[in-house]
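Asker: Chains as they are written, first to last, in the working numbering: chain R, 348 to 716; chain V, 348 to 716.
Derived by calculation from the structure, the hints in this document are not laboratory data. Take these hints with a grain of salt, some might be off.
Within a straight-line C-alpha distance of at most 25 Å, the following computed DMTMM-like cross-link-like pairs (lysine to aspartate or glutamate) qualify [unchecked claim]:
no., chain 1, residue 1, chain 2, residue 2
1, V, Lys625, R, Asp477
2, V, Lys409, V, Asp453
3, R, Lys625, V, Glu520
4, R, Lys625, V, Asp640
5, V, Lys625, V, Asp429
6, V, Lys625, V, Glu520
Number of protein chains: 2
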Amino acid sequence: METELSRKLGIEHAIFGFTPFPAVAAAITRAGGFGVLGAVRYTAPDDLKRDLDWMHEHTAGKPYGLDVVMPAKKVEGVTEADVEAMIPEGHRQFVRDTLAKHGVPDLPEGEASGWRITGWMEQVARNQLDVAFDYPIKLLANALGSPPADVVRRAHDHGVLVAALAGSARHAERHAEAGIDIVVAQGYEAGGHTGDIASMVLTPEVVDAVNPLPVLAAGGIGSGEQIAAALALGAQGAWLGSLWLTTYEADLHSRALTAKLLAAGSGDTVRSRALTGKPARQLRTEWTDAWDDPDGPGTLPMPLQGLLVADAVSRIQKYEVGPLLGTPVGQIVGRMNTERSVRDAFDELTRGFERAVDRINRIAGRSQS
Amino acid sequence: METELSRKLGIEHAIFGFTPFPAVAAAITRAGGFGVLGAVRYTAPDDLKRDLDWMHEHTAGKPYGLDVVMPAKKVEGVTEADVEAMIPEGHRQFVRDTLAKHGVPDLPEGEASGWRITGWMEQVARNQLDVAFDYPIKLLANALGSPPADVVRRAHDHGVLVAALAGSARHAERHAEAGIDIVVAQGYEAGGHTGDIASMVLTPEVVDAVNPLPVLAAGGIGSGEQIAAALALGAQGAWLGSLWLTTYEADLHSRALTAKLLAAGSGDTVRSRALTGKPARQLRTEWTDAWDDPDGPGTLPMPLQGLLVADAVSRIQKYEVGPLLGTPVGQIVGRMNTERSVRDAFDELTRGFERAVDRINRIAGRSQS
């Protein structure tokens with residue numbers, strides 16, 4: 348499965364796997380795809396360094412990339428305490444009440460949420476980049492808008508391609524103007540932050556909007572047939588995030604959450620502002636329902652919402668509180684019904700792609716294949 | 348573009364075009380596809396007879412079908428007056444206020460809305476069928492749930508295949524149990540009534556759920572590349588509705604509405620209950636905004652909402668009140684940027700399909716094509 352972009356990156360198959368787990372990212376790269384490690388949770392540069400060392404040792408010289416979260420708008424001189432002070436007491440009480448209703452215990456003394464707003468701040472992403480450029484990464488992706496011009500320049504100086512996620516053609520055009528190299532068109536059905544244009548419509552729109560820049564299709568892709576569809580729509584590769592969550596290598600720290608993912612249908616996700624303040628697709632839970640309830644207080648804008656719920660989300664995960672337990676995931680969760688290795692999942696993608704090509708050729712009357 | 352289903356129906360290309368306009372349906376059939384005439388507006392059997400006569404004369408013996416609206420749940424002995432009486436006065440006042448705010452004139456004396464709730468009632472659909480089975484239709488589609496068992500039997504006795512729309516795999520399984528022959532998997536991005544699972548995810552789910560029944564993919568399809576994607580996902584054909592709205596043969600009765608469709612982007616639609624009480628994708632307008640406003644009275648359930656707004660919608664259309672003027676249409680409206688003949692639109696679909704097959708074969712390394 349070769350496109351101009353996959354050849355440029357030196358990978359066998361134009362399959363890009365986004366994941367917060369180094370073991371998953373490395374396995375995707377080893378399987379012949381392109382593993383992209385999500386860096387948002389690395390607030391300490393040394394932790395990122397440790398995991399990139401590990402990635403480097405486990406990718407056998409094959410290429411991989413890093414995904415950072417660098418907000419388009421710079422927030423100057425604002426501390427976490429400043430943001431904390433902007434959260435209304437009514438919202439804090441709503442968090443306490445909702446957790447109490449479900450009997451969610453407190454975190455142990457001295458144990459704070461792993462998630463901090465600082466992970467979303469530009470300086471943290473810049474510290475991550477200082478680490479990352481010491482490694483032979485081939486791609487730097489940004490999940491929130493175009494990266495700043497100096498970051499794009501710095502990446503290019505290191506021979507690193509820059510990708511950015513877009514939920515609309517206009518959004519993609521702004522990325523192109525900012526000098527990025529690859530647009531990831533993220534459809535409505537995707538897990539995480541996403542707009543409301545579905546991949547079937549969004550992919551070709553973005554391809555046309557930024558031509559000749561290469562586009563990766565994201566959202567609704569968890570099979571080789573869906574990869575074939577994305578490539579038929581003009582993408583130069585597929586960007587998959589959700590699929591890896593139920594692989595053996597994924598470290599969700601919760602059997603209950605894995606079980607929920609394996610059991611969920613495609614209709615069991617919701618695009619909600621509950622997690623970060625911006626619409627992000629995730630498992631629908633009583634937690635998302637509480638935030639989406641028109642009779643509730645509603646969510647706060649990013650980054651307030653993320654800070655408001657950080658400890659609560661940690662508590663729900665730590666104590667595996669079933670009705671509240673969720674995670675960002677796309678509509679393809681409905682087909683994530685077995686645990687398996689990344690390698691098995693990857694090989695099934697390439698087999699499914701070949702089946703789809705056979706099928707299309709039969710339909711087109713090109714039966715030699 | 349041949350599938351098992353297209354061969355069974357005797358059509359050249361597995362492209363199904365749904366439209367309320369006989370001239371469009373006939374042109375789709377003549378071009379080598381399968382035209383499906385939407386019957387909901389034919390409350391008088393003679394009108395349907397007249398248009399089916401015309402279709403018959405203009406399809407040169409090639410196959411076509413009919414789409415009726417037959418609610419799954421039978422409403423016994425309920426008259427339009429009964430339903431009228433269930434509409435709260437506050438909602439009627441909201442309609443009057445919203446129209447007055449935009450200076451929408453009344454309909455002329457004696458001129459009522461063309462849309463009547465009766466078009467949605469089972470007896471009307473049965474009257475339509477009495478007419479339709481006198482014509483050599485090859486397909487009967489139902490837009491609301493599975494048709495009643497006796498209707499399925501009657502269709503089969505006439506050698507007519509029965510299709511039903513589904514927005515989820517479970518919904519599709521119920522159709523299969525009801526003995527229908529074809530499932531139309533209608534994705535989130537589609538115009539008209541639709542669920543929230545996008546085509547990229549829905550199509551293969553429905554294909555697997557009802558296997559070996561054939562599935563048509565609907566929603567987000569307006570190009571040959573999108574048809575190739577749908578077929579890669581396992582569909583035996585594509586079902587297109589929106590694309591034909593800006594063809595010369597479509598009779599929208601409003602240049603302003605055509606202009607709005609030509610100018611709209613993929614982000615200019617909304618899935619709203621404003622039109623019928625069930626979520627239906629349509630152009631987003633100040634009219635849909637008013638109904639979707641959390642501070643407004645909100646919509647009523649089907650069939651009350653449709654009856655409540657019928658005259659208002661007629662007035663908005665007749666007087667072409669720009670900010671309120673809308674129509675059901677899918678997210679592909681963003682690519683409907685030129686007026687052309689059905690034949691030109693159709694030929695572009697088949698050309699785009701061949702381009703997509705070429706592309707997929709290059710990517711798969713099957714370069715002989």
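Asker: Would you mind confirming whether the straight-line C-alpha gap from Lys409 (chain V) to Asp453 (chain V) stays at or under 25 Å?
Answerer: violated (44 Å)
Asker: Are Lys625 (chain V) and Asp477 (chain R) close enough, with their CA atoms no more than 25 Å apart?
Answerer: Not satisfied, since the Cα-Cα distance of roughly 52 Å exceeds 25 Å.
Asker: Are the Cα atoms of Lys625 (chain R) and Glu520 (chain V) separated by 25 Å or less?
Answerer: Not OK: Lys625 (chain R) and Glu520 (chain V) at ~35 Å, beyond 25 Å, violated.
Asker: Check the hint pairing Lys625 (chain R) with Asp640 (chain V) against an upper bound of 25 Å on the C-alpha distance.
Answerer: Holds, at about 20 Å.
Asker: Take the C-alpha atoms of Lys625 (chain V) and Glu520 (chain V), compute the straight-line distance between them, and say whether it is at most 25 Å.
Answerer: Measuring from Cα to Cα gives roughly 21 Å; hence the hint holds.
Asker: Check whether the Cα positions of Lys625 (chain V) and Asp429 (chain V) lie no farther apart than 25 Å.
Answerer: Answer holds: Lys625 (chain V) to Asp429 (chain V) is near 20 Å, not above 25 Å.
Checked against the numbered hints given earlier, the structure breaks hints 1, 2 and 3 and satisfies all the rest.
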